[in-house]
Every structure is written in C-alpha cells, then in structure tokens.
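Engineer: Here's the letter readout for the chains.
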Amino acid sequence: MSTETTPAVEKKESLFSKKNRKLLTDPLDDSNPITVQVLGICSALAITVQVQQAVIMSLAVLFVMIGGNVIVSLMRNIIPDRIRIIVQLVVIASLVIIVDEVLKAYSPDISEKLSVFVGLIITNCIIMGRLEAFALGNKPGPSMLDAVGNAMGYAWILLAVALVREVFGSGAISFPGVGQVKFLPEGWFYANGGFYENNNLMILPPMALITVGVIIWIQRARNRSLIEEN
Amino acid sequence: MKALHKLIEERVKPNFTGEGKLKRFWVVFDALETFLFTPGHTTSKGVHVRDGIDLKRTMFLVIVAMVPALLFGTCNIGYQYFLSLGEITTADPWNAMLLDKLIVGAIKVVPLIVVSYATGLGIEFVIAGMNGHAINEGFLVSGMLIPLIMPVDVPLWMVAVATAFAVLIAKEVFGGTGMNILNVALTARAFLFFAYPKQMSGEIWIHDVMASKAGGVLADGYTGATALGQLANTVGQPVNGEVSNGVMAMFADGGMFSFMNCFIGTIPGSVAETSALAALIGAALLIWTGIGSWRIISSFIVGGLVMGVIFNQLGLNAYMTIGPVHQIVMGGFMFGAVFMATDPVSAAQTNTGKWIYGFLGGFFSIMIRVFNPAYPEGVMMAILFMNVMAPTIDHYVIEANIRRREKRLAATAAVA
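Keeping their order, the protein sequence lines are chains R and W. According to the working numbering, the first sequence is numbered sequentially starting from 1. According to the working numbering, the second sequence is numbered sequentially starting from 1.
Don't take every hint at face value.
What the hints assert, rightly or not - List time: in silico DSBU-like cross-link candidates among lysine-lysine, alpha-carbon distance up to 35 angstroms:
hint : chain 1 : residue 1 : chain 2 : residue 2
1    : W       : K2        : W       : K21
2    : R       : K182      : W       : K198
3    : W       : K13       : W       : K56
4    : W       : K56       : W       : K2
5    : R       : K104      : R       : K182
6    : W       : K198      : R       : K113
Don't read these hints as lab results, they were simulated from the structure. Note that the structure is predicted; figures quoted are calculated from it, not measured.
Could you build all of it, start to finish, from the sequences and the hints given here?
Structural biologist: Below, the structure is given as structure tokens:
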C-alpha cells in the first residue's frame with residue numbers, strides 16, 4: 001500500500017491507478033457477476049459440463065465484453081439516451097456474430113456443443129449490465145479494465161464449476177486436439193470389475209446450480225462483508 | 001445409573017469444561033451426556049409448560065418404531081438370498097433356516113448402518129465443533145432411515161457419498177437440524193438414484209444375485225427384479241398381451257407378488273421397505289405416542305387409494321389394472337407414508353395443510369410410478385416434491401384462516 005499522494009495523478013489519471021486496479025480485482029470477489037450479483041447464471045449452468053467448453057465460452061464473453069464496453073464508451077456522448085438499449089444491443093450482437101462465425105470456421109465441434117449459448121451471449125445480463133452501469137459513464141480505458149475484470153470474474157466461476165463437474169462427472173478432462181484425458185485406471189470402473197463409477201448427477205444441470213451454491217457458500221464464509229445485515 | 005451419573009459428573013466432565021484438557025471436544029461430550037441423561041437445564045425467567053419428552057427422546061422413539069421394519073427387512077434379505085439359490089422354497093417363508101437368514105441379512109445391513117452413521121455423525125460433529133454449536137440429534141433418525149431405503153447390494157462408498165451430500169447440502173447449508181427443506185434420508189436416496197443409476201436399478205435388490213448367476217447356481221426362473229420393476233415392463237404393452245399376462249400372473253393369488261406377499265413383505269426390494277405390515281406396526285407406535293401425524297399417514301394412504309381407483313377406471317395398461325389396495329402395499333409406499341412423509345420438519349405444519357400435503361403425496365406417488373416407468377420409486381419423488389410445496393400449502397392455509405377470521409370480525413362488528 002502506497003501512502004504517498006502525488007498531485008500529478010489528478011491531472012491525468014494513470015490507467016493502472018489504484019482506483020482503476022480495483023475495477024479489475026473487484027469483480028473477481030467482492031462484486032463477482034455470478035456469485036454476488038447473480039447474473040449470467042443460465043450460461044454458467046448450461047455449458048459447464050466440460051472445461052474446454054467453459055474456456056471457449058469465457059473467451060467469447062471476454063471478447064464481446066471488451067469490444068462492447070470500449071465501443072459503447074467511445075460512443076457514449078453521441079448515443080441518444082432514449083434508444084441507448086437498442087444501440088448497445090446492435091453493438092453486442094455484431095460482436096457475438098463475429099465470435100460465432102469464427103468458432104464455426106475454426107472449431108465446428110465446439111461450436112456445435114455450445115450451440116445456442118454463443119448466440120445467447122447477446123442477452124447475457126452481465127454484458128448489458130456493465131454497458132449500462134459502467135461504459136455509458138466512463139472513458140474507454142477504465143471501461144476496458146472493467147470489462148476484463150468482469151469477464152474474468154465470470155470466467156473463474158465457470159472454470160471452477162466446469163472442473164468439478166468434468167472431473168467427477170466424466171472422470172476425465174478433455175483438451176482440444178488431444179481428446180479426453182482419463183486419469184483413473186480403466187480397471188477401477190464397475191464395467192471392468194472395479195469399484196468406481198462416475199457421478200452421473202454431475203452431468204445433469206441441477207449439479208451446476210448446487211456447485212455454484214457451494215462456491216457462494218465458501219465465498220461468504222471467507223468474505224464476511226458479503227453477508228447481508230438482517 | 002446413579003453411580004454412573006456421579007462418575008461422569010465428577011471424573012469425566014471436568015476434563016471438558018473450563019480449562020480441562022479436552023475442552024475442544026466439549027460438543028462431543030455434551031451430545032453423549034444428554035443422550036444418557038435428561039439435561040438439567042431450567043428456564044431462568046417465567047414459567048414454561050414442557051413435556052418431559054425432548055428431541056433426543058422423540059428421535060429415539062422413531063427409531064424404536066423402525067425396529068419391526070428393520071428386523072423384518074434383515075430376515076427378508078436372507079430369505080431372498082436362499083430363495084435365489086433354491087435352498088428354500090416359497091412354501092415355508094418363515095421357519096426354514098431362520099438363523100441363517102438373519103445372519104445373511106445382518107452381514108448386508110450392519111455395514112450399511114455403520115457407514116451411514118459414521119459419515120453423517122462425523123460431518124455433524126465437525127460442523128458443530130466449527131460453529132461452536134451443540135450437536136443436534138436430528139441425524140439419529142436420518143442415519144437409520146438411509147440404510148433402510150438402500151438397495152441390498154449398493155456399494156458402501158456410494159452410501160457414504162450420498163449421506164455426506166444429504167447432510168451437507170440438504171441440511172447443514174440451511175442451518176442444521178430443524179431448518180432443512182427436504183427430507184434428508186430421501187435426499188440421499190435421490191442423490192444415488194440420479195448419480196449412479198446403473199448401481200441403483202437392475203439386480204441389486206438381492207444379496208449376491210449377480211455372482212450366483214455368474215456361477216450358474218441360481219434357482220430356475222428366479223429373477224431379482226422388484227414388483228415395480230416387473231410392472232414397469234407392462235407399460236406400453238396391450239392389456240391382455242403376452243408380456244402383460246406373464247407379469248400379471250405374478251401378481252395374482254399364489255404368484256410371487258400376490259397381495260399377501262406384498263403386504264407381509266416377502267418380496268425383493270430395498271432393505272426395509274418391502275413390508276407394509278412392519279411399516280403399519282411402526283405407524284401404530286408413532287400415532288399412539290403422538291410423534292407421527294395421523295393426519296399425514298391416513299391422508300397419504302387415501303391419496304394413493306384414490307389414484308389407484310382412477311387408474312383402475314382408466315385401465316390403459318396392465319399396470320393400471322392392479323387393485324388400489326394392492327398398489328399401495330407394493331414398493332416403498334407404506335414405508336414412505338409412515339416414516340418419510342411424517343418428518344415433522346419438512347412436512348406441512350398446519351392441520352389442514354397436513355391433510356392436503358399427505359393426500360397429494362400419496363396421489364402423486366402412484367401417479368409417478370405408473371406414468372413414468374423409468375422412476376419406479378414414485379414415492380421418493382412425490383414426497384420430495386411435496387416437501388418443496390409444504391411451505392406454500394401452509395401459507396395459503398394460514399391466509400385462508402386470516403381471511404375467515406376477518407370476515408367473522410366484520411360480521412360481528414356489523415351486528416354490534
């Protein structure tokens with residue numbers, strides 16, 4: 001912690017000043033879009049069966065988020081207030097279409113698995129929320145940091161849930177290009193006379209909800225400031 | 001007893017209180033001490049009318065009510081085992097090899113009980129220690145119910161995982177004993193049902209039937225399927241078709257799943273669910289001591305009967321043509337009605353609510369089991385569903401009561 005106050009900061013705020021750094025770190029914990037603001041839950045439940053899907057989804061959201069936040073922030077002074085939602089939607093939709101086309105071109109199998117959820121990034125509440133709450137009132141620099149922070153906050157929850165679900169649900173982790181890497185000996189499974197069986201419930205959507213719930217539980221136990229008063 | 005009490009008070013207790021060496025384990029001591037002796041707590045202010053029967057003793061009575069089902073279930077495991085080997089016949093289900101039956105049953109049941117209690121109580125002790133709470137006795141009943149509703153040949157580690165899941169996610173997350181929304185034992189069962197479907201269906205209802213089959217020593221014509229499993233085969237088949245008639249023959253008098261066999265419980269199934277008779281004995285004790293709600297038990301049974309009659313009238317497949325009374329003595333219906341639906345925490349609290357809760361529970365149990373053969377144990381689904389609905393039912397019952405009294409107040413005010 002630096003205690004010195006430099007007057008130079010007031011003239012031109014550095015991109016990585018303390019205030020701006022908070023934009024990056026806050027969404028990871030204190031104002032996490034999924035576990036605290038409870039936004040973007042649908043995609044967190046739907047595409048966390050495999051780690052690689054979660055990674056691709058996170059990257060897609062990161063791209064759309066940065067693009068959307070920066071573009072809207074650049075246009076913030078020329079967007080008429082009454083039609084701002086439509087303008088934001090157009091920006092997000094064009095970015096999502098770019099992501100969708102790139103995915104279709106370079107990894108069609110993953111694109112198929114993510115199916116409709118890439119398109120649904122358009123309606124991802126986190127993105128709309130950040131555009132409304134931040135990009136419309138801030139300069140492009142901080143807006144970009146805010147986008148990165150929130151996308152990362154979204155990504156680490158997605159990855160944590162996907163890791164738990166894939167390890168216990170499939171007993172393996174899939175990597176692009178390599179395929180499924182199984183780390184349990186085949187002889188352990190019932191089908192081969194062993195004693196182990198993958199947990200089928202992990203693959204079903206309810207378990208994603210429960211896993212997110214458990215993450216919220218752990219987070220609140222460690223970070224008491226999140227607990228409501230009453 | 002007095003000497004024991006004195007010994008504990010003078011020698012053991014000081015170790016756990018104040019600056020004693022073992023004061024970190026106070027919760028453990030407290031739990032065991034209050035289990036042996038009624039605690040001497042008194043209220044410090046005002047007068048409270050209290051019954052001498054506290055939570056620990058309530059729970060203990062429920063366990064006593066389960067003993068008939070447990071004993072019968074243990075015996076039945078052995079009976080089915082020797083039946084599958086052809087060493088005894090259905091002609092003499094009781095006397096032949098009684099001791100052997102009990103031993104075979106105990107070999108399967110005791111480990112289940114030990115695993116369930118060890119896992120559940122272990123988690124309870126750790127969490128109580130972490131939070132500095134006294135240990136709750138809520139798990140005494142759940143820990144007994146879990147092994148009783150498991151298939152005989154379920155792997156023990158799955159029981160442990162399911163118990164841990166149920167205690168943590170269904171109970172501790174919501175604040176421990178008395179705060180859970182769902183019945184803990186049924187949550188464990190539902191977890192296993194969805195998590196390990198292969199291990200929770202098929203020929204797991206009889207001890208070692210797979211091994212016997214592989215060894216070629218299985219008695220002719222013996223299958224390990226349950227009554228509900230057999231009936232599920234008739235769904236989608238014409239009423240008097242070959243498959244349906246074959247299955248229905250088992251349910252006629254003298255068949256494997258005749259009414260008497262289902263009622264007494266000499267059929268394959270989960271450890272203690274097969275016997276409607278044993279469940280009814282438990283019900284008698286629970287109702288007599290006022291612990292189980294007679295409203296829930298009776299309305300649950302009525303709900304099942306009503307759905308059974310409706311299916312009889314429809315008669316679209318052989319499953320529906322089973323008589324309503326026969327329908328409710330099969331599977332876990334009676335056991336669920338007596339020990340699961342009456343769970344005082346997750347059931348409806350108001351008296352009117354209990355009627356509605358019980359009736360719909362029984363109604364849906366039969367409906368799910370007949371409509372969806374993939375879920376033979378409709379009772380489990382129905383009770384869990386009604387657990388979720390119970391607060392809503394209570395809410396509307398209370399609202400209706402408030403409105404009724406407001407109307408009455410307005411009426412008397414108008415007269416005056």
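Engineer: Now tell me, hint by hint, if it's right for this structure.
Structural biologist: Now the hints, each set against the structure:
1. K2/W x K21/W: holds (25 angstroms)
2. K182/R x K198/W: Within the cut-off at roughly 20 angstroms; holds.
3. K13/W x K56/W: holds (20 angstroms)
4. K56/W x K2/W: holds (20 angstroms)
5. K104/R x K182/R: holds (27 angstroms)
6. K198/W x K113/R: holds (26 angstroms)
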